[in-house]
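Participant: As a plain string of letters, each chain reads:
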Amino acid sequence: MFYILAIIILVFSFLAVTSSKVMRATMYLLFTLIATGGLYFLIDYNFMASVQLIVYAGGIVALIIFAVMLTEKIEAKIALPDKTKMIFAGLLSIVGSIVTIYILLSHPFKESSNDIGQTVSVIGENLLNYGEGGFVLPFELVSILLLASLIAAIVIAKRKFDN
Amino acid sequence: MIQGVGITHVLIVSTLMFFIGIYGFLTRKNLITILIAIELILNSVAINFIVINKYLFPEKINGQIFSLFIIAVAAAEVAIAIAVVIDFYRINKSIDVEHGETMKY
Numbered sequence: 000m001f002y003i004l005a006i007i008i009l010v011f012s013f014l015a016v017t018s019s020k021v022m023r024a025t026m027y028l029l030f031t032l033i034a035t036g037g038l039y040f041l042i043d044y045n046f047m048a049s050v051q052l053i054v055y056a057g058g059i060v061a062l063i064i065f066a067v068m069l070t071e072k073i074e075a076k077i078a079l080p081d082k083t084k085m086i087f088a089g090l091l092s093i094v095g096s097i098v099t100i101y102i103l104l105s106h107p108f109k110e111s112s113n114d115i116g117q118t119v120s121v122i123g124e125n126l127l128n129y130g131e132g133g134f135v136l137p138f139e140l141v142s143i144l145l146l147a148s149l150i151a152a153i154v155i156a157k158r159k160f161d162n
Numbered sequence: 000m001i002q003g004v005g006i007t008h009v010l011i012v013s014t015l016m017f018f019i020g021i022y023g024f025l026t027r028k029n030l031i032t033i034l035i036a037i038e039l040i041l042n043s044v045a046i047n048f049i050v051i052n053k054y055l056f057p058e059k060i061n062g063q064i065f066s067l068f069i070i071a072v073a074a075a076e077v078a079i080a081i082a083v084v085i086d087f088y089r090i091n092k093s094i095d096v097e098h099g100e101t102m103k104y
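Chains as they are written, first to last, in numbering that gives the first Met the number 0: chain A, 0 to 162; chain B, 0 to 104.
Derived from the structure by calculation, the hints contain no laboratory data. A hint or two may mislead.
[To be verified] Below, in silico cross-link-like pairs of lysine-lysine (DSSO-like), each with a Cα-Cα straight-line distance of 30 Å or less: (1) B:LYS92 x A:LYS72; (2) A:LYS159 x B:LYS28; (3) A:LYS72 x B:LYS28; (4) A:LYS20 x B:LYS28; (5) B:LYS59 x A:LYS159; (6) A:LYS84 x B:LYS59; (7) A:LYS72 x A:LYS20; (8) B:LYS92 x A:LYS157; (9) B:LYS92 x A:LYS20; (10) A:LYS109 x B:LYS59; (11) A:LYS84 x B:LYS92; (12) B:LYS92 x A:LYS76; (13) A:LYS157 x B:LYS28; (14) B:LYS28 x A:LYS82; (15) A:LYS76 x A:LYS157; (16) B:LYS28 x A:LYS76; (17) B:LYS92 x A:LYS82; (18) A:LYS20 x A:LYS82.
Use the sequences and the hints to build the structure in full.
Facilitator: Put into structure tokens, the structure is as follows:
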């Protein structure tokens with residue numbers, strides 16, 4: 000099952016960066032994100048999987064689809080990048096992934112043998128815990144960040160032009 | 000953890016996804032497709048946090064909380080980026096990056 004999900008993730012993420020139509024690239028991104036949610040279900044993190052499906056696959060993809068529909072024609076093809084750029088970027092990606100995979104394979108990971116699952120209530124308690132090892136400060140920072148980005152998005156998108 | 004699948008297999012998948020995102024970020028010219036490549040990169044980082052949390056430290060939850068923050072930051076980033084894209088389109092009538100020369104000089 001994991002290998003099916005891995006193949007889906009890799010194939011669709013490659014299609015998402017090479018497809019010549021923006022809407023199709025967005026759909027391929029959606030499939031990649033849903034397969035990632037499936038991966039989270041597979042390693043038994045149900046809360047993270049549902050957050051992934053709701054926020055990423057539901058919210059972000061819907062936003063990107065709105066942006067595509069507001070800016071371009073659906074059937075419009077985007078220009079392919081020039082050959083030298085493609086070759087250099089491909090070479091950089093291949094060399095980088097080879098180096099990273101080599102380091103991954105040579106590093107001895109000490110896999111833990113106990114397979115306890117953490118419940119959602121533990122995550123909630125830690126997010127609001129202001130004692131040692133609690134996460135209340137980044138939690139509040141993220142809430143301020145979301146508010147600021149909401150206001151900034153409205154201000155930027157409502158700007159009036161004179162021309 | 001997944002039966003019969005080691006941590007390196009999952010990490011290799013997320014590494015390949017990261018570099019596919021880098022490739023798309025370097026080659027694309029359309030702003031929305033650049034945004035899609037950035038989403039791929041962020042998503043692969045979130046997979047890394049989750050998998051390392053599950054395989055190496057299953058009694059802790061730090062990886063899950065950090066990938067929650069990654070998802071929240073990605074959502075905020077996409078909201079602003081799409082506002083910028085729409086603004087860009089109204090100024091330049093196109094969303095290709097080479098048409099944006101208003102702030103060049």
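Participant: None of the hints should be skipped; say for each whether it holds.
Facilitator: Hints, verified against the model:
1. For the suggested pair LYS92 of chain B and LYS72 of chain A, the alpha carbons sit about 12 Å apart, so the restraint of at most 30 Å is met.
2. This hinted pair checks out: LYS159 of chain A and LYS28 of chain B have alpha carbons roughly 26 Å apart, not beyond 30 Å.
3. The hinted pair formed by LYS72 of chain A and LYS28 of chain B meets the criterion: a straight-line CA distance of about 16 Å does not exceed 30 Å.
4. Taking the CA atoms of LYS20 of chain A and LYS28 of chain B, the gap is about 12 Å. The hint holds against a cut of 30 Å.
5. Of the supplied pair hints, the one linking LYS59 of chain B and LYS159 of chain A is violated, its CA atoms being roughly 50 Å apart against a limit of 30 Å.
6. Restraint check for LYS84 of chain A and LYS59 of chain B: the C-alpha separation of about 43 Å exceeds 30 Å, so the hint is violated.
7. This hinted pair checks out: LYS72 of chain A and LYS20 of chain A have alpha carbons roughly 10 Å apart, not beyond 30 Å.
8. Note on LYS92 of chain B and LYS157 of chain A: the hinted pairing holds, with a Cα-Cα distance of about 17 Å set against a maximum of 30 Å.
9. Among the hinted pairs, LYS92 of chain B with LYS20 of chain A is consistent with the structure: their alpha-carbon atoms are about 18 Å apart, no more than 30 Å.
10. A threshold of 30 Å between alpha carbons decides the hint, and for LYS109 of chain A with LYS59 of chain B the separation of about 15 Å falls inside it, so the pair holds.
11. For the given pair, LYS84 of chain A sits about 25 Å from LYS92 of chain B by alpha-carbon distance, which is consistent with the 30 Å threshold.
12. Note on LYS92 of chain B and LYS76 of chain A: the hinted pairing holds, with a Cα-Cα distance of about 16 Å set against a maximum of 30 Å.
13. Pair hint LYS157 of chain A plus LYS28 of chain B holds up; C-alpha atoms about 25 Å apart against a cutoff of 30 Å.
14. With a CA separation close to 14 Å, the supplied pair LYS28 of chain B and LYS82 of chain A stays within the 30 Å bound.
15. For a cut-off of 30 Å, the pair hint linking LYS76 of chain A to LYS157 of chain A stands: about 28 Å separates their Cα positions.
16. In summary, the hint linking LYS28 of chain B to LYS76 of chain A is supported, as the alpha carbons are separated by about 12 Å, within the 30 Å threshold.
17. Taking the CA atoms of LYS92 of chain B and LYS82 of chain A, the gap is near 26 Å; set against the 30 Å cutoff, the hint holds.
18. Simply put, LYS20 of chain A and LYS82 of chain A have alpha-carbon atoms about 19 Å apart, close enough for the 30 Å limit, and the pair holds.
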